[in-house]
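Novice: Throw the hints in and build the complete structure from the sequences for me.
So the protein sequences, as listed, match chains A and B.
So that you can map any letter, position 485 of the first sequence is 468 in my numbering, and since no number is skipped, the others follow by simple counting.
So that you can map any letter, position 64 of the second sequence is 117 in my numbering, and since no number is skipped, the others follow by simple counting.
Just so you know, these hints were derived from the structure itself, not from any lab.
None of these values were measured; they are calculated from a predicted model.
Just so it is clear, CB atoms sit at the ideal spot from N, CA and C, and this is done for glycine as well.
Listed next, the in silico SDA-like pairs over lysine to any residue satisfying Cα-Cα at most 20 Å (straight line):
#, chain 1, residue 1, chain 2, residue 2
1, A, Lys188, B, Pro183
2, B, Lys93, A, Ile455
3, A, Lys188, B, Leu269
4, A, Lys188, B, Glu260
5, A, Lys462, A, Phe434
Not everything, but these chain B residues come out facing chain A in the computed CB check (under 8 Å):
#, residue
6, Lys93
7, Gly95
8, Pro151
9, Pro179
10, Leu180
11, Val207
Selected chain A positions facing chain B (Cβ under 8 Å, derived; list incomplete):
#, residue
12, Met178
13, Pro184
14, Met199
15, Leu278
16, Asn333
17, Ser334
18, Pro341
19, Val342
20, Phe348
21, Pro393
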Amino acid sequence: MKRSFVSVLALLAAFTLPAGATWWSPGDGTPFPAQYDDADADGVTRLLLDGGPMETKGHPFFEPKGNYGRACVTCHQPSDGMSLSAETARIRWQETAGKDPLFAAIDGANCPDLAQGERASHSLLLDHGLFRIARPWPPVDHDGQKIEPDFTLEVVRDPTGCNASKVWGLSSPNPQVSVFRRPRPVANFKYILAMGFAIDPKVGKPLPIDPETGQMVSGNLMADRRALSLEAQMRDAAHSHLGFDALTPDDIKRIRDFEDRIFVARQRDRVGGDLDAMGARGGPETLARSAPGRLGSQGAAVWSEFAAWEKIPADADITPEQRAWRESVARGARVFREKMFLITDSAGINSPVGFGNPVRNSCVFCHNMSQMGMDVAPGQVDLGTTTMPFADSQPHLPLFRLTCKGPAHPHYGRVIHTHDPGYALTTGRCEDVGKITLQTLRGLTGRAPYFASGSAPDLRAVIDYYDRRYNIGYTEQEKRDLVNLMGAL
Amino acid sequence: MRRIMTALLALLSFNSVAQAAEAVRFISCPIYRDTDAGRKSGCWLAEERETGRRFDITQSATKPDWSMAVLIEGRIADNQDNACGAMVLEPVRVSILPAQACTRAMIPAEGFPGRRFVLPSRNIRPLYAPEPAPPPPYTAQLFPIPFDFGRDFVVYQQSDWMLVRAATYAKASGGNVVITGYAETEPVHVSGQSLAEPAGLGKTRAEMARLWLVSLGVPTDKVRVEWKQNPVPLADPAFDGLTEISRRRVDIRVTP
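Specialist: As structure tokens, this is what we get:
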């Protein structure tokens, strides 16, 4: 329902996007305003461009570059919280009969050697919002040197056929592993790049050093941390998603300037009204003005932006529905922080760091950064969303069998079945199988589905997954409160 | 009468101290007691099979994994709060032995409250509120860094804090740094098992310490690395009085 605008125009258009209003085509030339409000059926997501509006004509984030007619904005749409929802992809497919550069064979299809233009060839993008990510096999390090992995990798099944392709597969002249992932939002980088501590306790090491600058970096970029800096990420994305290898230093500088200034968060809810009303501090303005990288346990508690709604005065001038919704959001923030459960068998949490397996904690154990819910001590964690036995059934995805050659994985044993080895495709280490970089929790409503492999179709499914995975025992009320909270971020 | 009472009390006190000083070292499978006094409040227990005594090992910086055996080294604590339903070891160190599988065991709280989480004194300060650099004068200093048995992993809220202290001092003093990694390769017999660390572990521990110091800003050309085996035990606050665990360490010597 994301795109079903509550307007006569939208109803008349019958799922047709207003041209140039919602879908941002490469080379569109529309100036990016200082404040961009995207309305959907449930409210408004706001983007703030800190420092004022920006011309996009000729801007490297917005201009098509490379072989596929795409720009960065193709997969990082302002109306989708600077990511891309599966629903937007479906609407775009319908509007362009699958001709939009979004559906480029290289990664907008299940495999480049499938018949392009047929819906079935793009089913992972259309049904699950997934792009093909081709990782070299064996892995290579940040200097391009091959890594000898300590596990073997076999394909158990692959509905896409890509991992068996003679051109694109594991046995091709340029061997690669195809996994399928959601695009991460390009916004709020002040927080994503923040370093609260100089260490990554999850691996017992200092934070990584960017080989280009020699400077310590957060390690919070990309699902598998294959790039350590935004600049490296830009080059990786330009090469793999745009077919473009000639980003100039000026291009990178201009993209970086835009990415440093863009903030996204939910601003208004259809029922609850403005998220910065009555003492609350929701919306992106708080993000733009706050210092990043602060521990919620030592400063502003995580999601305390909504603490003022815990006790709304009886004579407050709001409707009963508004009151109920706001109180629900405030309760959700409490549940997020205070509902304890046993975290088990999650590499990065229960091993190798000595928190114990199991360890009792709440959502803020990992999502501990004020205003953002990132991890102040960043690093990669395995929640099991892509790996058996914890992953939900995902028959549309490839399934790999990994066999550890050295020590067994601390929780999965020696033989592991996974849809996406995650961080292990960067490090080549068995112990990293299934680990994924923590996601950002802002601007969620516009970018379903969720989790790296898109396995949660909506926010309720995210909560349900955690409830199953960790046997939390949320009540129905707690689930609704958490969904409302996440919808308010 | 008063004199007799005083003598009795003194005797009891002596016995208590003597008991508190008792060191234990054993291998066992851990038991998780599911107490809930907030975050990180669960209890970890382990039974010394040789005596049947059950110990509370929760205060170790490294907590167990319920599917793996643990080597426990500690002393019976002076203060027995009975928060977890077993005799408290403190100080205590737990080393996970991944090669020895255990059946997972979780028991209910059974009325025991557990303990509320308290931030350990050995915790790294955030980058936005760093510890001030130590002031001069700078003298030669030794920073011993403990390691769990068989691992080069830097223990959270213990060895990491010590490494940051060493790096801070090395940077402030501008001194030369010699890192010596040790492994305990000489077998020791614990709970009927022979334990010995691989010879290469001293090197990997030393290199891990080097990675920390250099990443934290100590100039590469100031750091020299060496490794040895089976050092003599070292009495240093880093080991909390558990001198046997000091055989598994890295020494960082800073010489201004």
